[in-house]
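Visitor: In the order they appear, the protein sequences are chains C and Z. Going from the first sequence to the numbering used here is simple: count from 1 and add 361. Going from the second sequence to the numbering used here is simple: count from 1 and add 674.
Do not rely on the hints blindly, as some may be mistaken.
Said to hold, decoys possible - List time: in silico EDC-like cross-link candidates among lysine to aspartate or glutamate, alpha-carbon distance up to 16 Å:
#1 Z:K1087 to C:D712
#2 C:K551 to Z:D696
#3 C:K715 to Z:D974
#4 C:K714 to Z:E853
#5 C:K714 to Z:D711
#6 C:K714 to Z:D698
#7 C:K798 to Z:E687
#8 C:K453 to Z:E722
#9 Z:K1095 to Z:D1066
#10 Z:K1029 to C:D397
#11 Z:K1072 to C:E410
#12 Z:K1029 to C:E400
#13 C:K714 to Z:E734
#14 Z:K1087 to C:D473
#15 C:K527 to Z:D711
#16 C:K715 to Z:E699
#17 C:K715 to Z:E684
#18 C:K830 to Z:D974
#19 Z:K1029 to C:D473
#20 C:K798 to C:E729
#21 Z:K1029 to C:E729
#22 C:K798 to Z:D682
#23 Z:K695 to C:E729
Because the hints were derived from the structure by calculation, they are not lab data.
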Amino acid sequence: MNENKTPGASGLIMNEPLLWEKGKKGRCGMCVPKSDVPEANFPEALQGEGPDFPDLSEVDVVRHYTRLSQWNFGVDTGMYPLGSCTMKYNPKINERVAATPALAAAHPMLADEHVQGNLQLMYELQEYLGAITGLPAVTVQPAAGAHGELTGMLIFAAYHKSRGSKRTKILIPDTAHGTNPASAALCGYKPIPVKSGKNGILDAQTIADVMDEETAGIMVTNPNTLGLFETNIRQIAEVVHAKGGLVYGDGANLNAVMGIIDAAKCGVDVMHLNLHKTFSTPHGGGGPGAGPVCVTAELEKFLPTPRAVKDGDQFKLEYDCPDSVGRVHGFHGNFGVLVRAYSYIRTMGPDLKKASQFAVLSAAYIKERLKGTLKLAYNMPCMHECVFSDEWQQEDKITTLDIAKRLIDYGYHPPTIYFPLVVHGAIMIEPTETECKEDIDQFIDTVKKIVQESKDNPELLRNAPVRSKMRRLDEIQAARRPCLCG
Amino acid sequence: MRYLPHTDEEIQEMLEVIGRKDLDELFCSIPDECRYDGDLNLPAPLDEWGLNEHADQLAEAMTVTNEYKVLVGAGNYHHNIPETIPSLASRSEFLTAYTPYQPEMAQGTLQGIFEYQTLTARLLGVDVANASIYDGASALAEALLMGLRASKKKTKVAISSAIHPHYREVARTYFAPTEYELLELPVGDDGRTDLSGLGDIESLAAVAVQSPNFFGVIEDLEAAADTIHAAGALFISSFTEPLAYGLLRSPGECDADIVCGEGQSFGMSRSFGGPGLGMFGCKKKFVRSMPGRLVGQTTDLDGQRGFVLTLATREQHIRREKATSNICSNQGICTLIAAMYMSSLGGSGLRDLAKLNYDKGEYFKAQLVKNGAKIVFDSPTFNEFVVEFKEDFQPIYKRLLEKKIVAGLDLGKYYPKLAGKYLFCVTETAGKDVIDTVVGEVKS
Chain C
362 MNENKTPGAS
372 GLIMNEPLLW
382 EKGKKGRCGM
392 CVPKSDVPEA
402 NFPEALQGEG
412 PDFPDLSEVD
422 VVRHYTRLSQ
432 WNFGVDTGMY
442 PLGSCTMKYN
452 PKINERVAAT
462 PALAAAHPML
472 ADEHVQGNLQ
482 LMYELQEYLG
492 AITGLPAVTV
502 QPAAGAHGEL
512 TGMLIFAAYH
522 KSRGSKRTKI
532 LIPDTAHGTN
542 PASAALCGYK
552 PIPVKSGKNG
562 ILDAQTIADV
572 MDEETAGIMV
582 TNPNTLGLFE
592 TNIRQIAEVV
602 HAKGGLVYGD
612 GANLNAVMGI
622 IDAAKCGVDV
632 MHLNLHKTFS
642 TPHGGGGPGA
652 GPVCVTAELE
662 KFLPTPRAVK
672 DGDQFKLEYD
682 CPDSVGRVHG
692 FHGNFGVLVR
702 AYSYIRTMGP
712 DLKKASQFAV
722 LSAAYIKERL
732 KGTLKLAYNM
742 PCMHECVFSD
752 EWQQEDKITT
762 LDIAKRLIDY
772 GYHPPTIYFP
782 LVVHGAIMIE
792 PTETECKEDI
802 DQFIDTVKKI
812 VQESKDNPEL
822 LRNAPVRSKM
832 RRLDEIQAAR
842 RPCLCG
Chain Z
675 MRYLPHTDEE
685 IQEMLEVIGR
695 KDLDELFCSI
705 PDECRYDGDL
715 NLPAPLDEWG
725 LNEHADQLAE
735 AMTVTNEYKV
745 LVGAGNYHHN
755 IPETIPSLAS
765 RSEFLTAYTP
775 YQPEMAQGTL
785 QGIFEYQTLT
795 ARLLGVDVAN
805 ASIYDGASAL
815 AEALLMGLRA
825 SKKKTKVAIS
835 SAIHPHYREV
845 ARTYFAPTEY
855 ELLELPVGDD
865 GRTDLSGLGD
875 IESLAAVAVQ
885 SPNFFGVIED
895 LEAAADTIHA
905 AGALFISSFT
915 EPLAYGLLRS
925 PGECDADIVC
935 GEGQSFGMSR
945 SFGGPGLGMF
955 GCKKKFVRSM
965 PGRLVGQTTD
975 LDGQRGFVLT
985 LATREQHIRR
995 EKATSNICSN
1005 QGICTLIAAM
1015 YMSSLGGSGL
1025 RDLAKLNYDK
1035 GEYFKAQLVK
1045 NGAKIVFDSP
1055 TFNEFVVEFK
1065 EDFQPIYKRL
1075 LEKKIVAGLD
1085 LGKYYPKLAG
1095 KYLFCVTETA
1105 GKDVIDTVVG
1115 EVKS
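One chain only, chain Z, in its complex shape (with noise of 0.2 Å):
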């Protein structure tokens, strides 16, 4: 096995030192009621060639494969990589390295890290973000627990019900044993959140927005802020398509206190929704009721620039049951992959890259009216938007599936009231041919 170097002369060797006479000894402690029978129940080792001939034939059970396009984003987006991300991020100084406990050997993630928190905090406006959370969902989960724990007594939160349906499932999660309540709030005939009953709830910590929502749609985040800080509660702003700040307001300059989402567009694949990365950040003053790790500037002995993890006590190996959170492992080198693509954009590109899916949306939902089809929201969207079809879609998604097309999302399965209503996504990827090949379809 080529992963096992030990021959059988060094085994014996070794054996003789400790004064075993076999492997099984090495076990002697383990009592039999404890013992595994026989031997694992698992296939036959595979060789590299054998491995690769299995995977090809997972690949060649998917049926919908990289060649699709697939317009369908809800929390998952198709964005070009460039081939500089994969090469440097699979460089194995940085992949095969462990969380950085010791600085002076890791000084290459530490750095990176730094770079992400700093740019994580200017994209979402805010003046700090930590190394990462798992994945927006618990990003948003740890950011109501952070809501509550912010605000002392307070019992309960609220959000948005235009949030990721995925994402409240998981604050449901979390929240299920606690002794906390959280409610969500209504949407409005125009795609956005209805705060309108925020100041008949007492005892509310904070409440949850997302922008651009689930259907796509662009919240007033300033209007938000207000009346959720009229009503003595933090704002927390979540989010899943983080290219749309290169375009919109910042949350953090819209007023929110907390900022949480998911960054799986900046540089990563799909990967059937994960490994992505859950952003976070927050206002100064709120720091030390954060969650996750952060890392910090500092020097060494020579008074050279260097970096290190701190304000570890508010994290469980240190506080324990006290901590802010559990988590330990997060997305570690998610975030040099974002940070790679953040500053291989640039500003610059950014801006150019949110505005060119802006466009493409656009376009598509006013070709989409030309020919008959309605959009449900009328309110500004980002790169995604619901559209209502005057017949039913199915044969037309059946057709499209065939050019090789995934058309949308029937949002049936995720809102009972929007059945037949599909949520459509157009980013970078999808040329104005897709588009007019779709639009082709609805028009026949």
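The following block holds chain C by itself, in its conformation from the complex (with noise of 0.2 Å):
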């Protein structure tokens, strides 16, 4: 294979200092409205100096942030198969109806009747992902999937309460996702890790043996973080309920079986969705997200308040629920980002599962064309994502640091590495269905270069990456003496 025919290639990068670096005194990159009215005194007693902020001009900036801009790789930019992320394409158009004026100008606190298009749109969401889910109650208000998991971490500690009983465990496999105990801990759950089997699946007896009438239940990520789905899950949800447990379902790998899975039918009473992966909404960089919260009928009186509800042919907030867990945000969530989601299942419609057979296709295609050359940490049909190992190569003394870091000069962005815990230099490819056949086959065949590289002159890739902006970070110089602030 030509490596130049892949996407990576070094550019006219260009060199930007940090902000405070450039500019003068007196220079301002922002009209500040001329005074209308009389200058008053303020109170010497509580005024500050203001703060020491660099004076830039208007091409300053756009010139600063448009380099910067330039050393970042994102899905538009090319392949992005980081594992349990689900970077597929964000639609464009969905960023201007998120811009709409009369939408995105709206303040949180106005009264229903004024604001009636917001509501309209949340409720439908809730509606619509309601119908995804089998779950029928949902709340659009958390602002993240770790932000979801505490909500319904605390719809948990709600029922049992309302029950009367006092539960202090909960059970978390080791498949689950990393969020996960930090989110029940808040609760103030102590997790018990539970051991998947040999095939990378849960057993329904591992469960009965460890629940019991102190636990609260069980956070099962499914599919789960191998990219496997739990086939037991609704033993183990029989095993849990019996004992008066409740089971929460991790949602952040639904793009796989939209369509295919009915999470209540699965016995799933409480779960998250991340509309920042399966609803296409982008990621930014680390946000902002949005974790929505999907509950069984008989849970619906614990969600946040308010809620959109219809009334009549009105819609309004409904704060009025005396059993609610109470409010999770300042507003109502991230807006925004409902916006982005909504638009996105509105364009796909009930495609949304083709969504995920394509998902689940694409993954299977991949883990077929290279398990001869990378291991495989379970031969099990995976669904939207696979799972391999470094154990292979590990007698060239090559990483999957090393493998993920020559994917770099290639032009794509690395899998997931190094997760989930149990495998391990796990490489975790989630290639998403937005990707189409030549672009994953050209991936393929660059995993196997590089694997042959790895005997070849394996130099190159321990040197790697060497076309991009910066070689390889120091990161135990940064967290041993931190410099946080400049």
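Now that you have both chains on their own, put them together as the hints suggest.
Guide: Here it is in structure tokens:
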């Protein structure tokens, strides 16, 4: 394969100092309106010096951020097969809808009758997410996936409290998402780790052995972080329910199963979704996300307030829910993110099922074509992602990190690495449904080429990346001598 | 479907490689009893033009639109946003990137966040600021939990009842399943928090005060710091309007230990309350108790300056249930927006804009008083204040609404004792003519 046909290339990359290394006192990059009122005296005792910010011109600011952006790689730049993160294409039209002036300018404390458009959107989004999961009652208030998990755990706690029981433990399998234990701990639950079975799937008997009446329930990621469907989920739910516990479904991997599974039929009671994964809203280099929580009708009364409800042909915010866990966000959640996800669902409609089918097709295809090149962690039918390890590269003293960094030279964002922890040197690949076959084939060929390089010229991998603006960065130095502020 | 590139021919080729006869067979591991019945019950797909029309219909259902002057702040403010900000923040290299786990491919995001952390620390007067929390409310809840962590065995925290009512609700939600106790402190007749009872509270880990507070009143943070520290507690200073710090002494300068609040004012649209930005900083000695991501400076193999995520051993994916928080995704792009805003205004611009907001508020208050209204709290305020009218304000409110002005927020829902009194906000976006129109209606 000719290296020059991969997207990786060295271009003209500009240097750019830090903001405060630029500028001159007295410049301004933004108009401050001329005052049309008399000047007033501000009490001196309360007055400060004002922060030491650099003064920059508009051109200074524009060039600064344009140059910074060129050091970055996004989904719009190229394939981003980051496992568990669902880096699918983020449609441009959804950005425009979110910027619709009447929707985006709304103050969150206006009277319901003045914001019917926004309330309709929130209400309908709740309905759609209920239809997609099979769990009919939904809050869109949580601001991210982990915030949804926390909301779910608050609901667990409120449910058990309402039944007069105080439970202290929660079961968390080793194939669950990394945030789960910390979310549960915030609600006072001690996470009890549960081992997955030999084939990467949870065994109902393992759960039965540890589930007791001190345990609030279980947090299951399904499909799990190995990309496998938890086939025993129904039996596991029965075991947990029989002891009075609840089942939490971490929906971060929903992209594999829209229109394929019904979470309620799987026995799940509470589930959060990541709109910034499955529903195509941009990740923004770390956020903002949105983590709606869907629950069974029985648990509806515990959802955070307020929620959008329909009253005749009007929409309103319902506050009167005495059993609610309360508010989890200052206002109505990351509304701008909700608008984008709503737009995506309206664009896809029932074809969301196709998105899941193609996401799984692409992952299964990669798994099949790379299983002779990299060691598969578990040779089972995969869902939307597949997990390999660096076991076969160990004889050449090449690690997962080296493979990941070499992919950068070829113009790909590396997969998720060293997660899940149950796989040594994990390489977790999630192509998503929006990558076309040629690009997937090119990625596969590139991985094969890199593995060949690891035998022929391993230094190429150990020194990688060499075509990026920066070479490998010293993370140990960053942590030992923290410099967090310039 | 334009987001799904696979052709029928490619699907067949891929299925053959996998050894499956059709797409359904890919899901053979899923038991029948778990399966979805029928097709997804969702409206039929809209094309791009249909979606645009639908968005227009939703916009038409909004009766208070962007044409209105909304003189309500209460934690969500209307400020001018220069076109440079949406233009730069929508660059897809920033917008469509994930969390910067691979620093060689994300130096733009990482330097951008490092700059945000630095400008935020300078604004708030603290040693360190993190890469954001969801919003001002969750930032307060996290700060209170951090206060308890940093104080070891103590069990109580106290918050001013002049903190935004929604923030207090969120703090209560976070505290409900814990063993900790959350107390509320009263507000004096001057609209400032009454801290006189602190000495009687045992096992007090931290006390939170907001300035400017929910009533727009500027708290005496220096005096608050002395009282709180004398009670052996950490001082948490919260805020909803960071623009005020262009003029006010910063909370850090007043000796706050933890500073947290909402940054929506800095370049983000009101957007029905989100996404905004939870700004969060603290003194250096507490940094290892701090929640959230941090970006730090380092060098690459060639000795070039670069940036990485750091001190991750505090975080959920490493420390698991012992982490300082469960937060993972934060407000990402909003940190860059805030940094773009702070750097566009610069030190001089921020001061001028803050002063303009203050002057508008003072003019508005003076005009109202001249026409018989009363300003409920006589302490200094920033760009918000509470007004009591001689008679029922509702008819005037309605007349002003017809003139496309939303005249304040009735406080009765949040403070029953203040029912019929209105919280007003005025920023640089409301001209003198708008203020005069409101005052004119009050007068008549």
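Visitor: All the hints need checking, so say for each whether the structure fits it.
Guide: So, going through the hints one by one against the coordinates:
1. The hinted pair formed by K1087 (chain Z) and D712 (chain C) fails the criterion: a straight-line CA distance of about 44 Å is larger than 16 Å.
2. A threshold of 16 Å between alpha carbons decides the hint, and for K551 (chain C) with D696 (chain Z) the separation of about 44 Å lies outside it, so the pair is violated.
3. Taken as a hint, the K715 (chain C) and D974 (chain Z) pair is broken in the structure, with Cα atoms around 43 Å apart against an allowance of 16 Å.
4. Restraint check for K714 (chain C) and E853 (chain Z): not satisfied, since their Cα atoms lie roughly 44 Å apart, outside the 16 Å limit.
5. For the proposed pair K714 (chain C) and D711 (chain Z), the alpha carbon gap of about 12 Å is at most 16 Å, so the pair holds.
6. A distance of roughly 11 Å separates the Cα atoms of K714 (chain C) and D698 (chain Z); the hinted pair therefore holds under the 16 Å criterion.
7. Between the alpha carbons of K798 (chain C) and E687 (chain Z) the distance comes to roughly 10 Å, so the proposed pair stays at or under 16 Å and holds.
8. Proximity of K453 (chain C) to E722 (chain Z) is assessed by CA-CA distance (about 10 Å); at most 16 Å being required, the pair is judged to hold.
9. Only pairs whose Cα atoms come within 16 Å are accepted, and K1095 (chain Z) paired with D1066 (chain Z) is accepted, the gap being roughly 10 Å.
10. Taken as a hint, the K1029 (chain Z) and D397 (chain C) pair is honoured in the structure, with Cα atoms around 12 Å apart against an allowance of 16 Å.
11. Straight-line distance between C-alpha atoms of K1072 (chain Z) and E410 (chain C) comes to about 42 Å, which puts the hinted pair past the 16 Å bound.
12. Proximity of K1029 (chain Z) to E400 (chain C) is assessed by CA-CA distance (about 9 Å); at most 16 Å being required, the pair is judged to hold.
13. Proximity of K714 (chain C) to E734 (chain Z) is assessed by CA-CA distance (about 32 Å); at most 16 Å being required, the pair is judged violated.
14. Proximity of K1087 (chain Z) to D473 (chain C) is assessed by CA-CA distance (about 14 Å); at most 16 Å being required, the pair is judged to hold.
15. Proposed proximity of K527 (chain C) and D711 (chain Z) is contradicted: the alpha carbons are some 36 Å apart, above 16 Å.
16. Note on K715 (chain C) and E699 (chain Z): the hinted pairing holds, with a Cα-Cα distance of about 14 Å set against a maximum of 16 Å.
17. Note on K715 (chain C) and E684 (chain Z): the hinted pairing holds, with a Cα-Cα distance of about 14 Å set against a maximum of 16 Å.
18. With a C-alpha separation of about 10 Å, the suggested pairing of K830 (chain C) with D974 (chain Z) holds against the 16 Å cut-off.
19. Pair hint K1029 (chain Z) plus D473 (chain C) does not hold up; C-alpha atoms about 34 Å apart against a cutoff of 16 Å.
20. Straight-line distance between C-alpha atoms of K798 (chain C) and E729 (chain C) comes to about 14 Å, which keeps the hinted pair within the 16 Å bound.
21. Annotation: proposed proximity of K1029 (chain Z) to E729 (chain C) is violated, straight-line Cα distance about 65 Å (limit 16 Å).
22. With a C-alpha separation of about 11 Å, the suggested pair K798 (chain C) and D682 (chain Z) falls inside the 16 Å cut-off, and the hint holds.
23. For a cut-off of 16 Å, the pair hint linking K695 (chain Z) to E729 (chain C) stands: about 15 Å separates their Cα positions.
Consistency note: the structure conflicts with the earlier hints numbered 1, 2, 3, 4, 11, 13, 15, 19 and 21.
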